[in-house]
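So you can see what is in the structure, the chains are spelled out below.
There are 2 protein chains.
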Amino acid sequence: MLDQDQGIEHNEYNGLVYSRQRKDSSFPRGTVHLYNEDQSRPGRSITGFPHIKRTYHLHAGIKRLFKNDSFKAEEKLDGYNLRVFSHAGRLLAATRGGFICPFSTEWAGIWAEEYDLDGFFRDYPGHYLCGEVLGDNPYNRQRGVDLSPGAHFFVFEVCKPDGTFLPVSTKEELLREYGLPAVKELGTFNALQGEELYALLRDLNSRGKEGVVLKSPDSSRRMKFVTPECDIQDIKDGLEVGFDLDMGFFQSRYMRVVYFVQELGLDKDEYSRKLGRAFMDGIPVSENYQGAREEYTVYLSSRNTWQSLLSMLISQIKIRTLETSWQHVRGREMLKVRFARIYTRSGKRYQRMIKGVLHQD
Amino acid sequence: MLDQDQGIEHNEYNGLVYSRQRKDSSFPRGTVHLYNEDQSRPGRSITGFPHIKRTYHLHAGIKRLFKNDSFKAEEKLDGYNLRVFSHAGRLLAATRGGFICPFSTEWAGIWAEEYDLDGFFRDYPGHYLCGEVLGDNPYNRQRGVDLSPGAHFFVFEVCKPDGTFLPVSTKEELLREYGLPAVKELGTFNALQGEELYALLRDLNSRGKEGVVLKSPDSSRRMKFVTPECDIQDIKDGLEVGFDLDMGFFQSRYMRVVYFVQELGLDKDEYSRKLGRAFMDGIPVSENYQGAREEYTVYLSSRNTWQSLLSMLISQIKIRTLETSWQHVRGREMLKVRFARIYTRSGKRYQRMIKGVLHQD
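So the sequence lines, in the order shown, correspond to chains A and B.
In this note's numbering, each residue's number is its place in the first sequence (first place is 1) plus 1.
In this note's numbering, each residue's number is its place in the second sequence (first place is 1) plus 1.
The hints are simulated quantities; they were obtained by calculation from the structure and are not laboratory data.
Honestly, I wouldn't trust all of these hints.
It does not matter which identical chain is used: a pair holds within one copy or between any two.
[As the list claims (entries may be wrong)] 25 Å max Cα-Cα, derived BS3-like pairs, lysine-lysine:
1) Lys356 with Lys68
2) Lys337 with Lys319
3) Lys54 with Lys210
4) Lys54 with Lys356
5) Lys237 with Lys269
6) Lys237 with Lys349
7) Lys225 with Lys210
8) Lys356 with Lys185
9) Lys54 with Lys225
10) Lys269 with Lys356
11) Lys237 with Lys225
12) Lys68 with Lys237
13) Lys356 with Lys225
14) Lys225 with Lys349
The structure displayed is predicted, hence computed values, not measured ones.
Model the full structure from these sequences, guided by the hints.
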């Protein structure tokens with residue numbers, strides 16, 4: 002069911018009918034439209050999470066966006082974007098694209114046992130929580146994450162019913178009040194404190210962290226800035242499935258690495274070696290090449306949830322289930338599923354390259 | 002004047018009417034159609050130079066193309082492709098795209114004084130010479146070329162009137178007989194002599210040479226293979242004007258580097274460093290960035306030739322003349338012109354990056 006004029010796709014999740022905004026129109030892409038009880042027309046919308054812009058030059062970008070105003074820095078996490086909300090007595094979770102996700106919704110229920118989500122939504126029924134999911138998940142391969150098994154949610158914005166964000170300090174107070182997990186606050190800066198911000202980013206980089214999101218205190222202006230260690234790792238990991246990615250994926254990353262190294266005064270030799278090594282190690286060359294795939298592990302309450310998740314995933318990409326077993330995780334028995342995303346296009350291209358098939362530029 | 006159905010464009014060079022094949026149809030792209038004296042219909046065609054395929058894996062590619070047959074190796078030169086022919090008493094030169102080029106045609110006249118081109122075309126009036134132009138030229142920035150000032154022509158194929166190539170040994174004999182300049186012959190090999198060919202390529206690589214073209218003795222099957230030193234240098238130089246190039250330009254090169262290093266057993270650390278350094282040094286980061294340009298020098302007989310060349314060049318790209326002067330070159334007074342190709346798109350993109358303009362991925 003697809004209403005192409007509005008870029009709206011009608012979906013259903015466990016008996017709940019909703020639509021998602023497939024592309025920007027009067028609502029941004031990823032907006033979830035929820036219906037009234039008579040299902041006649043949208044009763045409420047969970048606004049799509051806005052794109053956060055980047056800059057290649059941190060100091061110049063800050064001066065452009067914030068002038069001399071102060072701004073807050075928060076740690077940017079490398080997971081997937083999720084909006085958690087309460088509707089018709091149910092706790093639900095929508096991905097960036099606006100799908101109500103069976104995996105994420107189930108985990109929202111677990112997070113509600115670990116944190117006082119119920120209290121928050123009882124007091125703020127129309128608000129919703131935007132955050133990053135880290136740990137075992139079906140969307141984002143995790144690297145060097147030191148968390149207990151299963152999925153973990155870290156809130157970075159609290160949205161009012163009209164889709165605008167709460168001011169940063171109000172958000173921080175609310176999250177503290179209800180004891181909800183949040184991304185790390187890294188301090189308040191302004192354009193004159195360039196050297197302090199550089200020191201912060203060098204430290205995040207040296208610990209392999211992704212980077213920062215910078216926000217005006219009212220959270221209306223935002224930008225992000227990522228570290229070369231993260232970009233270089235992305236290049237290495239991305240190359241394995243590189244023909245299934247936008248070509249811009251690699252270009253924007255190697256460009257960012259060079260600009261970061263220059264602006265923050267990192268060692269050019271060291272980062273030349275690391276960047277080159279990402280290409281050297283990321284591109285598959287083995288004669289025993291088996292094709293392009295990424296392995297994921299997820300923990301679910303039941304085979305039913307896996308079936309729902311699987312049917313969502315296979316609408317996007319080929320999936321191979323590798324192993325299922327029951328495990329004790331976060332205080333409950335859960336179905337552990339290891340599966341692989343199969344990147345057919347990359348697999349075929351690399352096969353041809355390794356086999357020396359002649360080609361024209 | 003454009004005949005879109007046939008992909009044919011009608012042109013004129015110094016009173017000579019011709020057409021060029023803008024895209025492959027019954028004739029390959031770059032074919033030059035010459036007219037009879039009454040100009041009623043094409044009297045003769047200079048076939049477009051065929052694409053030569055590549056492989057990412059030398060040994061596997063050789064086995065595919067040549068099986069166990071022997072093949073000839075010739076040095077691949079890094080210049081621009083030119084076809085020189087004689088028509089209606091005039092010596093003419095056409096670029097890969099099928100333009101009769103005022104610069105190249107003038108230099109063909111100079112080469113005819115240095116070598117016995119006249120003798121060759123007197124005896125083989127319907128044949129034509131395909132070769133690479135090195136040295137000062139308007140199309141291909143030269144690196145580490147140790148030649149006297151001006152343009153130099155090196156023949157790699159002799160074409161029969163029907164557009165097919167002479168067998169390699171016949172070509173070599175003819176070029177020797179008329180004393181015409183040729184690309185370097187590097188020997189005869191077969192798929193069992195992989196190690197010898199690897200040694201040859203390692204040597205070319207260590208001397209910064211571009212690579213090899215491998216041909217069956219009858220020159221009907223051909224493939225090319227380039228060295229990582231050349232690809233890495235291309236990446237560095239290409240990045241300066243990178244937003245004006247195909248994105249595939251960089252991807253194919255860093256992939257080739259990795260496959261070459263692996264197959265020919267080069268040092269991975271050394272080439273990681275070199276590859277990374279190409280990105281580090283190739284991407285402009287200076288606050289005093291002045292825009293993307295490439296500088297070229299050409300030597301011409303007169304300002305008229307420069308005007309003809311310039312009007313050809315500016316149909317493709319913005320040109321800025323930097324300096325003109327008269328110089329004694331190759332035994333004659335010639336107009337030396339330094340000019341720059343201005344890459345507007347790359348210049349603007351890098352300006353925005355350096356100035357920290359916020360952007361969305």
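A quick look at each hint next to the structure:
Taking CA atoms no more than 25 Å apart as the test, Lys356 paired with Lys68 passes between copies only; the shortest distance there is 14 Å, against 55 Å inside one copy. In this assembly of identical chains, Lys337 and Lys319 lie within 25 Å of each other by CA distance solely inside one copy; the values are 19 Å within and 60 Å between copies. In the homo-oligomer, the alpha carbons of Lys54 and Lys210 lie at most 25 Å apart inside one protomer (19 Å), although the nearest pairing across protomers, at 43 Å, exceeds that limit. In the homo-oligomer, the alpha carbons of Lys54 and Lys356 lie at most 25 Å apart only across protomers (15 Å), although the nearest pairing inside one protomer, at 41 Å, exceeds that limit.
Within a single copy, Lys237 and Lys269 get their C-alpha atoms as close as 19 Å, and across copies as close as 15 Å, so both meet the 25 Å cut-off. When the C-alpha separation of Lys237 and Lys349 is checked against a cutoff of 25 Å, the pair qualifies only within one copy, where the shortest distance is 19 Å, while the shortest distance between copies is 29 Å. Taking CA atoms no more than 25 Å apart as the test, Lys225 paired with Lys210 passes inside one copy only; the shortest distance there is 13 Å, against 43 Å between copies. Taking CA atoms no more than 25 Å apart as the test, Lys356 paired with Lys185 passes in neither setting, with 48 Å inside one copy and 29 Å between copies.
For the identical chains of this complex, Lys54 and Lys225 are intra-copy neighbours only, at 6 Å inside a copy versus 43 Å across copies, given an alpha-carbon limit of 25 Å. When the C-alpha separation of Lys269 and Lys356 is checked against a cutoff of 25 Å, the pair qualifies only between copies, where the shortest distance is 21 Å, while the shortest distance within a copy is 35 Å. In the homo-oligomer, the alpha carbons of Lys237 and Lys225 lie at most 25 Å apart inside one protomer (21 Å), although the nearest pairing across protomers, at 28 Å, exceeds that limit. Proximity of Lys68 and Lys237 under a CA criterion of 25 Å is satisfied in neither setting, with 36 Å inside one chain copy and 35 Å between copies.
In this assembly of identical chains, Lys356 and Lys225 lie within 25 Å of each other by CA distance solely across copies; the values are 16 Å between and 41 Å within a copy. Proximity of Lys225 to Lys349 under the C-alpha cut-off of 25 Å is restricted to the inter-copy arrangement: shortest distance 22 Å between copies versus 35 Å within a copy.
The structure is inconsistent with the numbered hints 8 and 12, although it conforms to all the rest.
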